[in-house]
Each structure stands twice: as structure tokens, then as C-alpha cells.
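Undergrad: First to last, the protein sequences are chains A and B. Under the numbering used here, the first residue of the first sequence is numbered 88, with each subsequent residue one higher. Under the numbering used here, the first residue of the second sequence is numbered 3, with each subsequent residue one higher.
For the record, the hints were derived by calculation from the structure and aren't laboratory data. All C-beta atoms, glycine included, are put in the ideal place defined by N, C-alpha and C. Check each hint, because a few of them may be wrong.
Here chain A is said to cover these stretches of chain B; the calculated rule only asks that three of the stretch's residues, wherever they fall, bring their Cβ under 8 Å from a Cβ of chain A [what the hints assert, rightly or not]: (1) 12-26; (2) 307-316.
Result set (DMTMM-like, lysine to aspartate or glutamate): computed pairs, CA atoms no more than 20 Å apart in a straight line [unchecked claim]: (3) B:K9 with A:E190; (4) A:K223 with A:E190; (5) B:K55 with B:E234; (6) A:K100 with A:E147; (7) B:K323 with A:E171; (8) B:K304 with A:D184; (9) B:K9 with A:D224; (10) A:K273 with A:E293.
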Amino acid sequence: MLLQLNHIYKWVKQGGKRVFLLNDISLQVEEGEFISIMGPSGSGKSTLLNVIGMLDEFQEGEYNFLDESVHTLKEKHRSKLYKEYIGFVFQAYHLIDELTVYENIETPLLYKNVKSSERKALVADMLDRFNIVGKKDLFPSQLSGGQQQLVGIARALIAKPKLILADEPTGNLNSKQGEEIMQLFKELNQEGVTIIQATHSEANAEYGNRIIHLLDGSKTKA
Amino acid sequence: MFRNYIKIAWRSLRKNTLTSSLSLAGLVVGVISFLLLGTYILNELRYDRFNEKADRIVYVNYSYKSPSDAEATISRYTPTAVAPVAKREFFEVEDAVRVYKYDRREVEIDGKNFTERNMILADASILNIFSFDFLNGNSKSALNKPNAVILTQTTATRYFGAQPALGKSVVINDNVWEVTGVIEDNLPYSSLQFDLLGSYQSSKRAEREIWNSANDHSYLLLKDAQQRTQVEQKFNAFVQKEFEEDFQAGFKMHFDFVPLNEDHLSAEASGNLKTYLFILGALAVLLLTIAAINFTNLMTAKSVERLREIGVRKVMGAPRKSLIAQFLTEAGVIIVLAIMIGTLGALALLPTFNNLTGLNISLASWDWSYFVITLVVLLCSTTLLAGGWPALILSRFKPATALKNNTSSLSKSGSVRKLLIVFQFTVSVVFIIGTLVAKRQLDYIKDTDTGLDRSNVVVVDANGMSQQTVESFKNALLASQSISNVTTSSHTPVDMQGGYSIQVNGQESGISITAAPVDKDYVTTLDMHVIAGSNFNETDKMQVKVASEERTYAFMLNETAANKLGFTPEEAIGKAVNLNGRAGYVKGVLQDFNFVSLHQKITPVALFAEYDWSAKVLIKVQGNTAQALSEIQQVWKAFKPDSAITYSFLDQDYQNLYESEQRTAKILNVFAAITILISCLGLFGLSVFMAAQRKKEIGIRKVLGASIAQITYLLSISFLKLIVIALCVAMPLAWYITTTWLQDFAYKISDPYELYFLAGGIAITIALLTLSIQAIKAAIANPVKSLRTE
């Protein structure tokens with residue numbers, strides 16, 4: 088088992104009342120799964136992904152990741168954990184504008200203190216794999232949306248994560264680009280990477296082998 | 003990793019051209035100002051200290067009082083006997099030197115003529131006491147014989163070009179001298195400033211040790227600096243014993259041994275230099291602080307835009323440390339650039355600065371190790387301030403919040419930013435007010451009718467002419483079209499000094515008074531106003547032919563003197579008085595005039611017609627000054643073919659009384675302008691960011707129907723409020739500072755409140771102009787564009 092959420096609650100206070108962002112969410116994810124989280128805007132998809140990715144905190148419940156209890160860990164350990172095992176892909180790509188394609192992909196390795204020669208090899212492999220070798224010296228603004236997302240995925244994969252968290256990865260793309268990206272996720276999943284994606288789209292959700300529906304912070308059907 | 007930071011820093015620098023250049027420009031100006039002012043201050047502080055034995059060298063000040071003088075005359079000139087006696091009689095004195103200004107010499111080399119204004123003669127011991135860098139010649143014995151002269155490098159090059167100067171002959175005043183050494187030019191922070199240094203034995207002065215005339219500077223080298231007061235006491239005791247009879251008769255002479263290191267900053271030597279150095283030092287630090295604040299403000303403002311990047315980096319596993327390091331590096335890169343450009347800029351601007359201040363300073367005034375340390379401290383402190391602040395705040399964000407680019411939680415750094423703006427403008431306004439007040443006070447000094455007209459008066463040193471010669475010299479000058487009046491006196495109204503005492507016959511005691519013997523046309527030449535009685539005439543002047551016990555002197559008093567004696571000007575006329583044994587009557591009363599600096603109150607003055615005291619010839623010039631000068635020189639040549647003329651302008655001599663004020667004012671003027679400039683740069687940069695941050699808000703407001711004026715107002719008002727706060731803080735502060743400064747002057751402008759409003763107006767106007775550029779630009783932007791970015 089890769090991770091397990093037990094009765095997770097997350098809320099914010101508004102006018103003295105609790106507004107639940109996540110309401111009693113329990114979830115088990117096995118290695119190798121491809122899970123789609125569906126739901127309308129504001130249903131808590133992103134919040135759930137952020138909690139799983141340890142980017143955001145929750146108020147109640149337990150979260151175990153690879154037998155570590157995340158809710159008891161200090162910030163430093165948590166960041167070490169997700170740095171090691173989790174890769175993120177965003178709807179808005181979130182590439183760093185000042186860095187070239189090559190450097191964007193390289194950045195996670197820098198933060199993991201990987202040696203220079205090794206970094207070169209790993210980034211070169213990745214560029215090769217996504218057929219973007221020719222674009223390695225371009226800046227994000229010089230790429231199309233699809234290409235930017237490709238770089239975003241390459242960057243998420245570079246540290247060889249066990250889990251990819253994708254928050255509406257095709258949300259800013261046209262349907263053809265979107266389809267290519269989903270195809271890519273499918274291939275990655277077949278290679279053994281666990282993927283959890285949040286999406287609006289019924290079609291994209293079908294790529295997953297399990298779909299979780301959210302509404303107002305609660306799971307609606309299993 | 004570090005290389006990576008530098009790379010990113012460089013890219014973000016180039017991407018944000020406007021902000022980068024704004025913060026860079028501000029910092030560069032700050033660094034240049036800091037270095038220039040620092041160099042100037044250092045120059046003054048390090049004065050003379052480079053001499054290896056500086057701590058053991060003392061300078062001898064001489065004060066003298068004859069029985070008839072009310073007060074002692076203090077002088078920096080000493081009799082020729084002081085140095086040799088001190089060395090011979092006191093074992094505590096290791097060595098001693100006399101320095102004589104051997105001004106205005108005609109030098110001839112192979113038929114070429116040079117007029118030298120800056121030659122000194124000194125005992126050979128000067129080479130032991132002071133430190134010189136010898137390029138050629140023997141550094142110990144170069145001055146051991148008569149007619150030996152040491153040249154500075156510049157002088158040597160001027161005379162002989164590239165050829166070696168050592169051993170060459172030069173003709174100085176028709177005597178042949180031998181060049182026995184060439185040294186590096188005098189350091190700008192040395193009190194010894196000369197182009198030629200000749201041996202003291204070359205002059206007849208060396209032949210006799212005399213006590214009764216004082217024309218040398220004397221320096222002593224003590225064996226132990228601790229013994230200074232002890233030796234000083236012993237020396238004075240010795241003098242008192244030597245001149246016991248004179249002391250009993252009421253003569254007083256006293257010698258002060260002033261440590262060389264303290265001499266330059268002492269009040270006697272330089273007026274208020276210490277205070278002015280403090281003000282300029284504060285200015286240097288404040289300017290740099292303001293530049294750093296700008297930079298910090300721009301960095302924090304800009305970093306808000308980068309919240310998303312920080313989020314991304316955090317998600318990719320960036321530890322807080324590395325984010326902080328990244329921000330610090332970015333700040334560091336800009337600051338390193340600023341320091342490099344600033345240092346070059348300071349080097350390039352030094353000649354201009356020297357021109358402005360009339361000084362000759364160079365960056366060489368810095369000890370290089372200190373220079374480097376200063377720059378490094380500057381670098382680190384600015385980097386920590388400018389990079390550390392945003393780094394600390396931003397790196398604290400949770401990645402999920404940062405990714406949402408939610409800047410509302412950054413409002414705290416906004417209030418710090420406001421505080422910084424208030425600080426900046428407070429400083430600027432204080433400097434504007436200070437500069438305006440200083441300018442008005444100095445103009446007041448320059449323009450105040452001080453009872454006489456100093457303009458167009460050339461002062462020629464009569465240089466030992468006999469009275470007969472002076473008289474014909476006068477007449478020869480008066481023949482010229484461009485000269486309207488000529489008079490003679492022992493002193494000009496600028497250097498008048500010396501205490502006499504005057505007593506009205508029948509009164510019990512007299513008052514002490516400053517008095518000077520003058521020619522009969524002194525009053526008319528200087529356009530002094532006679533308010534009662536009448537001016538001197540030929541009869542008064544000719545009293546000198548009468549046997550001294552039968553002479554009746556005519557006196558002219560100033561109003562203060564008349565009042566002090568207990569009379570109105572009219573009452574004073576005709577009263578029989580006695581000035582140190584000169585019996586006579588008050589012939590006229592003059593409107594009060596200032597013969598010393600306006601730091602001091604006007605004191606009683608008496609002028610008396612006495613014929614044979616003509617040390618100075620005062621020439622009133624009309625029309626073309628250059629023409630008049632050349633005619634004066636021709637006449638001089640006819641009378642004194644073998645000696646060069648020494649002249650100065652009376653109004654300049656007067657201005658020189660305020661040298662340190664004038665110089666400080668000039669420097670203040672320039673740097674106050676720079677303070678405002680830097681503050682505005684910062685304000686402009688911030689307004690750019692505010693506009694960018696509120697782009698969406700502006701768009702929405704425009705869609706809802708806001709006019710351009712309303713938007714401009716909206717964007718400017720928050721800054722304007724800050725500037726008004728700054729004004730409120732600045733005014734009392736400026737009032738305190740300027741009032742304190744003005745207290746130094748006996749004659750000063752009354753509280754110049756309108757200048758405060760002027761300063762406030764200037765600050766607000768400049769700030770408004772700065773702000774409106776950006777505000778209007780944002781206001782006229784198409785709202786559709788700004789809303790689409792969401």
C-alpha cells in the first residue's frame with residue numbers, strides 16, 4: 088500500500104462557522120493505481136491533492152504514506168518525503184519563467200543535491216524521452232501550452248517519484264494536446280508509476296482505473 | 003548551486019530592466035556619494051597622521067601680549083629661536099624644525115622663467131621629523147647645505163621633463179641652488195604643502211636666533227608623546243626666566259605645544275570643521291541608507307510577483323535555506339555591480355568634486371585594506387537588508403498558498419515599506435531645509451552691509467618698502483585710469499587684530515579696543531560711512547612729523563567703541579582720548595563694520611592716522627580688473643624690480659574667513675539634490691509596482707466608470723499621505739538642527755519659516771511629478787487588457 092487517508096477533515100472559519108473543505112475523507116491507494124478525482128469547481132479536488140502531496144495541512148484525521156504517519160511529521164521531514172516520492176503536475180504548468188526547459192527539468196535534482204554529471208545524464212534521458220531535445224534552451228514563454236505541460240511532466244518525473252499528482256493537467260490545453268498528455272500518463276502508469284489526477288472531464292477520468300467523486304468536500308460514491 | 007543562483011539573478015536582472023536599472027542607479031549614486039564624502043572626511047581625519055612619527059610631533063602656537071595690549075595675540079607663527087632652543091635646552095625634545103614660507107619666487111632654469119608660489123625653507127631636521135618618499139637623492143642629508151633644494155615630482159617634471167633633476171642647478175631669486183632630491187608629491191592630507199623645499203641655511207634668517215619677530219612655523223619631535231605638557235611647562239618656565247625683566251614689565255609670551263594629530267581639527271585651525279565633518283558623515287551614511295532602502299523596497303515589491311515561483315520551487319523540494327540563499331544572491335549581484343560601477347564613478351568624478359571644493363583629494367586617502375573592508379561591509383549589510391527581508395517573508399509561505407499567488411498576507415511588509423518611505427523623505431526634507439537655510443545664512447554674510455565695501459579692492463603687500471617709496475608707489479598707481487583710490491594701512495579690515503586700550507581723559511579706566519594705523523584715505527577707499535564728525539585729512543597725517551610727545555592724534559571710532567565709552571556718536575566728537583600713550587581726540591565716528599567673521603560680535607575699533615605703518619597697500623579698482631592688475635604689476639616692477647608682487651582681493655580674503663562653511667555648503671547643495679533624486683527614484687519604482695499590483699483593481703474601476711483623474715488620485719494619494727507625514731517629522735528636526743548651527747553666528751538670519759514651506763513644496767511637487775507619471779500611465783491603460791490576464 089502506497090498511502091492511506093483516514094477520516095480527514097479540513098476546514099476554514101468563516102464568520103465563526105466552520106466551512107468544510109474536506110469532510111471525512113478516507114482513501115487507500117495501492118502502488119500502480121491510476122486514480123481520477125472528479126467533481127465540480129470548489130468540490131475540494133485541489134485541496135485533496137494538496138493534502139496528499141503534503142503541500143497543505145489538515146485539521147483532523149490520519150495520513151500514512153509508505154508506513155510514515157504524515158500527520159505527526161515535522162515540516163522538514165514531510166518536505167523530505169514528498170521530495171523523494173512525489174511529483175507534481177499543475178493545470179497552469181507552473182514552470183519558472185527565468186529558467187530554460189533544460190534548467191526547469193534540472194531544478195528538482197539541484198534541490199536533491201544530485202551530482203552535476205548525473206544530473207546531465209538524467210535530464211538528457213528525459214529530454215530524449217519526450218522528444219524535446221531541440222527545445223532545451225528555450226524559455227517557457229517560447230513554448231506552446233502542450234509543450235509547456237510536457238516539460239512540467241518531465242520535471243515531475245525527473246526525480247523518479249513513486250506517485251504523480253496531477254491537478255487538471257489538461258485544463259489549459261486544447262483537446263488534441265490534452266489527449267496526448269493523457270496518453271502519456273497512461274503509459275507512465277503502465278510503467279509502474281502511481282498517478283492521482285483531478286479533472287472535470289468525464290473522458291479524461293476514464294483513463295484512470297478508479298474514479299472518486301467529490302462534492303462539497305465529501306466523497307459521494309466509491 | 004551557487005552558479006545557478008548567479009545565473010538566475012542575472013536573468014531576472016535583465017528581465018526586469020526598469021526596476022533593475024532603477025535600483026542599480028540609486029545604489030550607484032549612493033555608493034559614489036558615500037565614497038566621495040568618505041574620501042573627503044577621511045582626508046580631513048587622517049590629516050598628517052601618515053607621518054611615521056606623527057604621534058610624537060607637536061606644533062608650536064605662540065601667544066604674545068605687550069603691557070599695553072588688552073588681550074594676547076595668538077599666532078601660529080613663532081620666532082626663529084624657538085626650535086633651536088627647544089632642541090638644545092631640553093633633552094625631551096629629540097629634534098626640532100623651523101618652516102618658513104618662502105613665497106612667490108622667480109625661478110629660472112636654462113632661460114625659462116617660473117613664478118613659484120609655494121616654496122618653503124626648512125631645517126634639515128624636517129627630513130627626520132616628517133616622512134617623505136624620496137625618488138632621488140639622499141633622504142637624510144639632502145638639506146644639509148645652503149642653497150640645496152628638494153623638488154616634488156610634479157615640479158621636477160615641470161622644470162626638467164623626463165630628464166633627471168638631481169644635481170641640476172636652478173636659479174632662485176638670482177642665486178644658484180642645487181637640486182639635491184626629488185620626492186613624491188605632497189599627500190593631500192598633509193599640512194606641509196609645497197612645490198619646492200629649500201634648506202633653511204639658504205636664508206639670512208638662519209644666522210640669528212631671535213625672539214622678537216615671529217614668522218616661522220615650528221615643529222618639535224618629542225622623545226615621548228606622554229611628556230608633552232611637561233615639556234611645554236618647562237619650556238615656558240625657561241622663556242619666562244630668560245625674559246624675566248620683560249615679564250616684570252608686563253610683557254607676556256606663551257608657547258602651546260599642540261599635538262600634530264589634533265592640530266588640524268582643532269577649532270583654531272579650522273573653525274567648525276569637526277561639526278561639518280559630522281554632518282557630512284551623517285549625510286554619506288544616510289544617502290547610502292536611502293539607496294539601500296529603495297533597493298529593499300523594490301526587492302520586496304518585486305518579490306511579491308515571484309510568490310508563484312517560490313511555490314513551485316518549494317513543491318520541487320527547495321528547502322527554505324536555498325530560497326533565502328537565492329534571494330540574497332540576487333540582491334548581492336546587483337549590489338556588487340553597483341559597488342563596481344560606483345567605485346569607477348567615484349574615481350571619474352573626483353576631479354569634479356575637487357573642483358567644487360577646491361581640495362585635492364584622491365581615493366588614495368583610503369588605506370586599501372580599509373577600503374576593501376568598507377566595500378565588503380557595505381556589500382554584506384546592504385545585501386542582508388535588501389535581500390534578507392523579502393527572503394525571510396517569502397520563504398515562510400506554505401507552498402499551496404504561494405501557488406495561489408495570494409498576496410493579501412503580505413500586507414505587513416507593506417507597512418514596513420511605508421515606514422521606509424517616510425524615513426527617506428524625512429531625511430530628504432531635512433536636507434533640503436538645511437541646505438536652504440545654510441545658503442541664506444551664507445548669502446546674508448556675503449551681502450550684509452557690514453559698514454564697508456570690500457569689492458574691487460586689491461591688497462598688495464608692501465613688503466618692507468620705506469614710507470617714502472610707498473608714497474610714490476601710491477601716486478604712481480593713482481595715475482592709472484583703472485584705479486580710483488589707494489590707501490595704506492598696517493592691516494586690512496579682514497586681518498585686523500591686536501589689542502590696544504583706549505581711555506577718555508578724565509575717565510578712570512579705559513576699554514580694550516582693536517586699533518590700526520591707517521592712511522588718511524582709508525575710510526574713503528573702503529567706502530566706510532562716517533556718521534558723526536569728519537574724516538582724516540592731510541594735517542592729521544602730517545602729525546607724524548611732529549615730535550612724538552607733542553603729537554595730537556586724530557581718532558576715528560566705530561559706533562560700538564563710542565557707545566562703550568559712554569557716548570552717542572555725536573557726543574564722542576572732540577573728546578580727548580589716549581590710546582596706549584597716543585594722545586589725541588575723537589575726530590569722527592564710523593558706522594559699525596565687521597572686520598572679522600560674523601561668527602563674532604562687532605567689537606570696538608579705532609583707526610588713527612599714523613603715517614609710517616604701511617604694511618598693506620589697498621587699491622580700489624574700477625572698470626576692468628585684469629587690466630588694473632596688470633597695471634599694478636607694472637608699477638610694482640618699476641619700484642621693486644627684484645621681488646615678486648604679493649596681492650589678494652579683499653572680498654576673497656573676507657570670504658576665506660568662512661572657508662569651511664562655504665565648502666560644506668557647496669557639498670551640501672550637491673548632495674541634498676542627490677538625496678532627493680535617490681528618494682524619487684525609489685518612489686518611482688514603487689509606484690510602478692503598486693500600479694502593476696493593482697492592475698486588476700484599476701481595470702474593474704474603469705469598467706465601472708472611474709475617470710482617469712480619479713484613478714490617478716487613487717494611486718497617488720496613499721504615497722502623498724506618507725510624504726505629508728514625513729514633512730511633519732522633518733520640520734521640527736530641521737528646525738532643531740539649523741537653529742543649533744545658526745547659534746554659531748553672532749549675526750544670523752531670523753527663523754526663516756518660509757524656507758520650510760518652500761522645502762515642503764519642493765518635496766511634494768517632486769514626489770507628485772514622480773508619482774503621476776506612473777499613475778497616469780496606469781489610468782489610461784485599456785481595462786480589457788488588464789482584466790484578460792486573470
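Undergrad: Now look at each hint and say whether the structure bears it out.
TA: Evaluated hints:
1. 12-26: Answer holds; 3 residues pass the 8 Å Cβ test.
2. 307-316: Answer holds; 6 residues pass the 8 Å Cβ test.
3. B:K9 with A:E190: Given that 20 Å is the threshold and the Cα spacing comes to 11 Å, the pair holds.
4. A:K223 with A:E190: This hinted pair holds, its Cα atoms lying about 8 Å apart.
5. B:K55 with B:E234: With a Cα-Cα distance of about 19 Å, the restraint between B:K55 and B:E234 holds, given a limit of 20 Å.
6. A:K100 with A:E147: 15 Å, holds
7. B:K323 with A:E171: 18 Å, holds
8. B:K304 with A:D184: 15 Å, holds
9. B:K9 with A:D224: The given pair, whose Cα atoms are some 14 Å apart, holds under the 20 Å limit.
10. A:K273 with A:E293: Roughly 11 Å between the alpha carbons, so the hint for A:K273 and A:E293 holds.
Violated hints are absent here; each numbered hint is respected by the structure.
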